[in-house]
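Numbering (our numbering), first residue to last: 1 to 143.
Possibly wrong hints are sitting among the right ones.
Quick list of in silico lysine-lysine cross-link-like pairs, DSSO-like style, CA-CA up to 27 Å [claimed, not checked]:
#1 Lys72 to Lys125
#2 Lys14 to Lys72
#3 Lys68 to Lys18
#4 Lys125 to Lys80
#5 Lys68 to Lys80
Keep in mind that the hints were calculated from the coordinates and are not lab data.
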Amino acid sequence: GGYARHGGGAFSGKDPSKVDRSAAYAARYVAKNIVAARLASRCEVQVSYAIGVAEPTSVMVETFGTSKLTRKRLTELVRKHFDLTPYGLREMLDLARPIYEATASYGHFGREEPEFTWERTDKAKSLAADAEDAGTTRQAVMA
1 GGYARHGGGA
11 FSGKDPSKVD
21 RSAAYAARYV
31 AKNIVAARLA
41 SRCEVQVSYA
51 IGVAEPTSVM
61 VETFGTSKLT
71 RKRLTELVRK
81 HFDLTPYGLR
91 EMLDLARPIY
101 EATASYGHFG
111 REEPEFTWER
121 TDKAKSLAAD
131 AEDAGTTRQA
141 VMA
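All chains should be built: construct the whole structure from the sequences, respecting the hints.
Written out as structure tokens, the structure reads:
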């Protein structure tokens, strides 16, 4: 879908080392995989960074009440399955390729072309399996 908050920085003109761009792509990728894993039917991922610090200072997963897991467990799964360091973002989404001209027309999100790697849902199966193995659903926590 097409609803997401944005920190205000422009994407175009920034190389993949700039988290304004690469982390926005990664947040989309993480959220899509959570939904594809059927861990939630809606998902928004917010990530924040500090200059000179590789790990995100904050990772927040909002599912608007649709999650099958606790927020804490979802965040643990995100940190386990996705390397959200600037280097990890570049590697995970293969952002060092010459793909950015295509993003300048028709938008950065919701595209099916193969260069838009942040639209993949290739981690959904491993997320779902890991969530199932842990048995930490909201229902189990509330029981």
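Consistency of the hints with the structure:
no.: 1; hint: Lys72 to Lys125; in the structure: holds, 20 Å
no.: 2; hint: Lys14 to Lys72; in the structure: violated, 32 Å
no.: 3; hint: Lys68 to Lys18; in the structure: violated, 33 Å
no.: 4; hint: Lys125 to Lys80; in the structure: holds, 14 Å
no.: 5; hint: Lys68 to Lys80; in the structure: holds, 18 Å
Of the hints listed earlier, those the structure fails to meet are numbers 2, 3, in rising order.
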